[in-house]
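S.K.: Spelled out from the first residue to the last, the chains are:
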Amino acid sequence: MTAVSTRSTTAAELMPYDEALSRFDPVLGLEVHVELNTASKMFCGCSTVFGREPNTQTCPVCLGLPGALPVLNAAAVESAIRIGLALNCDIAAECRFARKNYFYPDMPKNFQTSQYDEPIAVNGGVDIDVDGQPFRIGIERAHMEEDTGKSLHVGGATGRIHGADHSLVDYNRAGIPLIEIVTKPIEGTGRLAPAVARAYVGWLRELLLGLGVSDVRMEQGSLRCDVNLSLRPDPGAPYGTRSETKNVNSLRSVERAVRYEVSRQAARLATGRRVVQETRHWHEDTGVTTSGRSKEQAEDYRYFPEPDLVPIAPSVTEVERLRASLPEPPAIRRARLQADWGFSDLEMRDVVGAGALLLVEQTVAAGASPAAAKKWWLSELARRANDAGVALDELGITPEHVAAVQSLVDAGRINDKLARQVLDGVLAGEGSPEQVVSARGLEVVSDEGKLSAAVDRAIAGNPGVAEKIRAGKMAAAGALIGAVMKEMHGQADAGRVRELILEKLN
Amino acid sequence: MAEPAASSGAGHAMTRDEVARLAQLARIDLSDAELDHLAPQLAVIIESVAVVSSVAADEVPGTSHPLPVRNVFRRDVVRPSLAPEEVLAGAPEVEQSRFSVPRILGEEA
Amino acid sequence: MSDLTRMSAAALAAALRGGDVSSVEVTRAHLDRIQAVDPQVHAFLHVDGDGALEQAAAADERRAGGEDGALLGVPIAVKDILVTRGMPTTCGSKILHGWVPPYDASVVTSLRAAGMPLLGKTNMDEFAMGSSTEHSAYGPTRNPWDLHRIPGGSGGGSSAAVTAFEAPLAIGTDTGGSIRQPGAVTGTVGVKPTYGGVSRYGLVALASSLDQAGPVARTVLDAALLHDVIAGHDLMDSTSIDVQWPSMAAAAQVSDVDGLRVGVVKELGGEGYQRGVRDRFDEAVRLLVGAGADVVEVSCPHFEYALAAYYLILPSEASSNLAKFDAMRYGLRVLPDDVAAPSAEQVMAATREAGLGDEVKRRIILGTFALSSGYYDAYYGQAQKVRTLISQDFAAAFEQVDVLMSPTAPTTAFKIGEKLDDPLAMYLNDIATIPANLAGVPGLSLPSGLADEDGLPTGVQILAPALEDARLYRVAAALEAMLHERWGGPLLDRAPELDAAA
Ligand SMILES: [Mg+2]
Ligand SMILES: [Zn+2]
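Protein chains in written order, with our numbering: chain A, 1 to 506; chain B, 507 to 615; chain C, 616 to 1117.
Please note: incorrect hints may appear among the correct ones.
Said to hold, decoys possible - Chain A is nowhere near these chain C residues, computed Cβ spacing over 12 Å in every case:
1) E669
2) D683
3) E1083
Claimed, not checked - When the alpha-carbon atoms are kept at most 20 Å apart in a straight line, the in silico DMTMM-like pairs for lysine to aspartate or glutamate are as follows:
4) K246(A) / E180(A)
5) K1034(C) / E540(B)
6) K486(A) / E443(A)
7) K709(C) / D535(B)
8) K150(A) / E599(B)
Derived from the structure by calculation, the hints contain no laboratory data.
No residue lacks a Cβ here, since even glycine has one placed at the ideal position from N, Cα and C.
The task is simple: from the sequences and hints, build the whole structure.
M.R.: Written out as structure tokens, the structure reads:
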């Protein structure tokens, strides 16, 4: 048996991505864990609110105290069925929970109550769009399970598990309902594998948001992704050995992790080494994966039917009622919105790619034009989200705010440059756009007398420029406009300033 | 009576090594003396219970539960949690309102 | 007033109702009795004198306020496998030494609501694994009929407590016979209700699909009164049955077996059953025939495999249920001696090594094996199929008869230490009681007399279809009345007096 390398991979052990793709065919598999946004936990009445004091949202059931028993949350089952239906899965006529037995301090009972051979939803599939190219992603299953507690590692470097001398466990998260969504092997992506992975997870986020079943906040861990990847010499060959990279928790990281694994595995295969079937850990900071527990030393989970819960048998009527309550399917919704907004295919792709579809829709609903809504979300706000490393909807600004900013611009009360400052104010928590404008005194000066005086001063201070304009060199007006804007601290309507300059010099 | 079911794993002899492996899986540090004592006992018990493999035909469904009950749910309503001091009262060690546990090896998800 | 500890729960309730006695007096009498005889019997792991007297005073107040619950003010002992808020719960294990649960089992909540003072927690085989109570980490309980013998198990503390008049009633739990077999070997009454009849919330699970709490008493009526208090639907237990139960106490007061169809289970008797046990069983059957019952022999061919199926299903579920005892959140934490900075994994293994007894380890390893990959189908999977066949045997039998009967246990109480290192011989004690747990049907054991050869109590078991618990009480009450008439009083009147050393 080959020894498992636990060293982190060095650059020399990576094959450049393009070369890797010219020599190997990647096969992807994605497992996404979604925390449901039910009010109470999966099997007890404890609250699921994020970020409370440690161990304050725990009870005998979710602490796994001796004698406690689980009772299944009806809302979690309903969400599971809705997710299954939205993924075009078959909903099992009858399914049950099983115990997955392994010892781990953050798991109170030392077994996870999960679904094993009888998941609630199986055999679905969804169509996603990757840079304008459609892709079919097969869905193997979606099943229900419970989340674990959270450990804080103390005494080691940077809170990492390795080298820590002890750990502190908070069980507030233990028992929060999870849905695990597993794809079938995704073939035929070729060099688009990283983009497909990212697009699928982004698409799934959008779907789950639309269903209203989860907050899908990747940075809070309410959507977590495991990336399985294997390489084979060519598309006809049997699947290669796969690695399973755990907890890849941002869209960008999904893309990077796939890319990294392609390069790492290709380097091994090209030098005659084999890929070890193992769990790998993703390191957000360094952008590499490192070896975890290899499957050869893996636990024997000893699954068996959970005797403390009874089977779930959703009636056909119930399933059909839930199907009827599903929101419009994403592809149809997109086509409808594109037609409503009059966007080109490319514009629409940009909106979807940025994860801004729902935001733009809500901004338009709040009164902005589609073009203005798109402009704010995809330029200014996308840049800020990127800088902050969060998704657009996690920025802390609402579609209503954005529409309000645009309406201030449309009313001529602020210009685009001031609007950016207004956005800063809103993002800094200074209140609504209206409040930011008045608190920061950002409104443009509309007093004609003041503007006129400032223009006169600019002309007097720049006689050479004024002469050029009189001579018909209109392009020179920019310098005078700049001078006026500077004097007015940007709080002037540049169009009106230009008009005044031309009036006075002609 | 139908044909007895195939008994692929039945009739398994419980060796000392096997008991040691199972004890590790069950997180019990068995001493050598205990392994010596337990292995032959378990071998006898397993030989005796292996009779189940010859009884039921393949088409007999298994019963995991004596009750034919389905669909037992609770409404998604928040109920009070335990008071934090009650939660931690039985803990061998507490730090920062959390359960303090020895260093954890490896990771699971 | 005569000796309060000798009175039945029904008689105590009547005396309380009539104002002849207070709950505080009744409770104090039992606490005194515990103090006098428990050093010999060791039925209790924990006695809560102050708490019990406080609850007794509250019960007296409730009665003074006009309340009249059937057992209001009657004290009770609870097997240490049910969690009790503020009172230690150990399950007879070192690994839970000193643990005080922050919540009450639903059964305990029901007892408190009924105004029954809790005298304390009774001894048991560790985590209910055993048939003799010798596997308690806190020492064995002794059979009041003969202090050198076992009181049955796993609920030997509960059976001994009622036998020794330390409590009028007790709660037991029955996974494979742990209420009924102790009842048989101590000459008391024990009932395993229909699975799902009594909430399991707060019952520290041994085998979740088999466990059921039930009454331990000296008479059929007393058991029925207690059954009425603890039975009922509980939203905290998904496997609790949502039905309106008829009154068991009412059923226990109908003494009529005329025309009753009784099936004697062919596979539960004969070879392997002690002579005196069989004789007393045959006598009981003849009494029923005399009273107009139709008795036939019924065959349940798969019962022969019940023990094997049980000793796969139970350890499998137990190996998972007991995984939570890992030194992380509560209970014992032991550091391995030979490791400088032990990992959580090493501390778990060291703690479980030190904190769990031999029988528990044996069954955890057996269950770990039965569930492990490669063996699951041949062992656990096959055992589940046998379970189906046993349920089918019951269904077929109950098409022919109203109740089934057998001896409760194959032998009378054996000597302490006699079978301790022969697990298979120990397991055979439950041979007659296990099928009911596998199928979820209710079962009752009542005393059938004393075996001629050793003068020790024997028991007879009555089984009914699921949900028909009331039928058990109707039949048992009739049989009990005939037996008492024959004996000239309750069997326990013949038990030796315990030396009430002060
Ligand atoms: Mg999972
Ligand atoms: Zn909880």
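S.K.: If you test the structure against every hint from before, which numbers come out violated?
M.R.: Result: no hint breaks.
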